[in-house]
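Those protein sequence lines, which keep their order, are chains E and F.
Reminder that position 191 of the first sequence reads as 191 in my numbering, one-by-one numbering, no gaps.
Reminder that position 71 of the second sequence reads as 71 in my numbering, one-by-one numbering, no gaps.
It should be emphasised that the hints constitute simulated quantities derived from the structure, not laboratory data.
Idealized CB from N, CA, C, for every residue including glycine.
Keep in mind that the hints are not guaranteed to be accurate.
Said to hold, decoys possible - Chain F regions said to be covered by chain E (calculated; three or more residues, Cβ under 8 Å):
| no. | segment |
| --- | --- |
| 1 | 31 to 44 |
| 2 | 57 to 71 |
| 3 | 74 to 88 |
| 4 | 106 to 115 |
To be verified - So these bits of chain F aren't anywhere near chain E, every CB distance computed over 12 Å:
| no. | residue |
| --- | --- |
| 5 | V2 |
| 6 | V13 |
| 7 | W23 |
| 8 | H28 |
| 9 | V47 |
| 10 | H49 |
| 11 | L50 |
| 12 | E53 |
| 13 | G134 |
Chain by chain, the residues:
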Amino acid sequence: MKNRKQLLHLHKNRKFAGVLFILTIVAVSMGMTGKQFSKAEYVKIPQQENDSLASVQAFKKVYEVLMHPRCMNCHPAGDIPLQGDDSHVHSMKPRRGKDGKGLYAMKCANCHQNTNTPGKHAPPGNPEWHLPPADMKMVFQGRSASELAKQLVDKSKNGNKSIEDLIEHAEDTLVKAGWNPAEGLSLPPYSHEEWKEAWLTWLENGAYAPADSE
Amino acid sequence: MVSLNVNNKLIEVDVDPNTPLLWVLRDHLDLVGTKYGCGVAQCGACVVHLDGEAARSCVTKVKRAEGKKIVTIEGLAENNDHPIQQAWMEVDVPQCGYCHSGQIMSAAVLLRENPNPSDEDIDISMSGNICRCGTYSRIRKAIHLAAEINKSNS
Numbered sequence: 001m002k003n004r005k006q007l008l009h010l011h012k013n014r015k016f017a018g019v020l021f022i023l024t025i026v027a028v029s030m031g032m033t034g035k036q037f038s039k040a041e042y043v044k045i046p047q048q049e050n051d052s053l054a055s056v057q058a059f060k061k062v063y064e065v066l067m068h069p070r071c072m073n074c075h076p077a078g079d080i081p082l083q084g085d086d087s088h089v090h091s092m093k094p095r096r097g098k099d100g101k102g103l104y105a106m107k108c109a110n111c112h113q114n115t116n117t118p119g120k121h122a123p124p125g126n127p128e129w130h131l132p133p134a135d136m137k138m139v140f141q142g143r144s145a146s147e148l149a150k151q152l153v154d155k156s157k158n159g160n161k162s163i164e165d166l167i168e169h170a171e172d173t174l175v176k177a178g179w180n181p182a183e184g185l186s187l188p189p190y191s192h193e194e195w196k197e198a199w200l201t202w203l204e205n206g207a208y209a210p211a212d213s214e
Numbered sequence: 001m002v003s004l005n006v007n008n009k010l011i012e013v014d015v016d017p018n019t020p021l022l023w024v025l026r027d028h029l030d031l032v033g034t035k036y037g038c039g040v041a042q043c044g045a046c047v048v049h050l051d052g053e054a055a056r057s058c059v060t061k062v063k064r065a066e067g068k069k070i071v072t073i074e075g076l077a078e079n080n081d082h083p084i085q086q087a088w089m090e091v092d093v094p095q096c097g098y099c100h101s102g103q104i105m106s107a108a109v110l111l112r113e114n115p116n117p118s119d120e121d122i123d124i125s126m127s128g129n130i131c132r133c134g135t136y137s138r139i140r141k142a143i144h145l146a147a148e149i150n151k152s153n154s
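Isolated chain F, as found in the complex:
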């Protein structure tokens, strides 16, 4: 049995401690917003927050997440209205949308650590999140907008 804190809920799951966190989230907890892309930490579709860091859940064994705070796209904001989500909708960023929960989770870490990122900062932070539809220019625009929303909220 593995004890987890997922989106501020304490949960016990009967899984092998070596199971990737991604499969625990999707198959055992029905949190399917986090996506499977490559399975080897190369694409970023599976990014969740592990104690605030943008961990790739496809290669993170669930035992590593014990005692840490896990936040998935479902838990980023109560009403899906995190400034980044607002900006994503405003700019209409996704095309197919498959990679965007990972994109948003990575962008959230960037803005927490750098509230006013330059284009270069965005490129550095987001270079591990691949979008096969090529929405990169809209991702960049939405991150700038989210930074503005954060500023106007504070």
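The following block holds chain E by itself, in its conformation from the complex:
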């Protein structure tokens, strides 16, 4: 026979089970009737943390493309563009000029048309063909990965571009011209889509520069 203490404990357990049962019913019925929490009750998920490893890793791919002749040839260390897959100094030695579009009778668009001119050794084309301007030379030639990464996000050296501007720049017509070489010229090592993915990964994860030794 159960004593009074045991009966009381049993009673309490049953009471607790009853309360739990009722709460479960209410919760299930709320779900079934489709009652939803209002937007205001959602907790805002914090922005993704920068991932320096992913950023630096992505920049390796970005750097390989930017140092390819299709990109670097128009980002020379001097004031004369480079030419060809061996990045030799442009024949005729056209000069950058103040706006990057050439000088006097030697303006880029005098030879470079809106589209590639057919045939080997004929000028590649794009409606925006030009070098960076004299006051913002954006030199790629000779830059290490670390130097170039820092330069690309430095507003005083990148044409006052924010990270958002740089993201948008991936679709720039002259950037994309790198993947439309004239006859006989090589393509960058990755497709524009692959490069853009790496570019975005680098920028969106904090635009970290690789170590100087890398």
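Got chain E sorted already, so can you dock chain F onto it with the hints?
Same frame as chain E, but now just chain F:
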């Protein structure tokens, strides 16, 4: 049909819009002062002015010239007496003469943008115009003279 403004004349030409401007000028409009040299924008013999710029007509599709002012060597001056032409005759610049309409058209752009060019400016501007006779020193001298003629005219 392509509509063009050539040497201040409005002209309609029945050509494929992708035809190089050079061939429209020479073969359809009989303006043969502009020469064919390399065909790939490397030599400068075919230079004409397109809205004032020294365009290489061998690689310029005629459709690009629509709505723009085209000036050829024939239209540079009414009586072939542009200061550069005067200087060219005075210095007796050409030897065979084949490249010189292109040379003169390029020099005209230089002097418009830089009325008193240094030797270096001349070399920069004219480096895309090749002369197989090697008349470069006389070209430079004539450009300096043309600058003087311009100054005395103004």
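Go through the numbered hints given earlier and state which of them the structure violates, listing their numbers in rising order. 3, 9, 10, 11, 12
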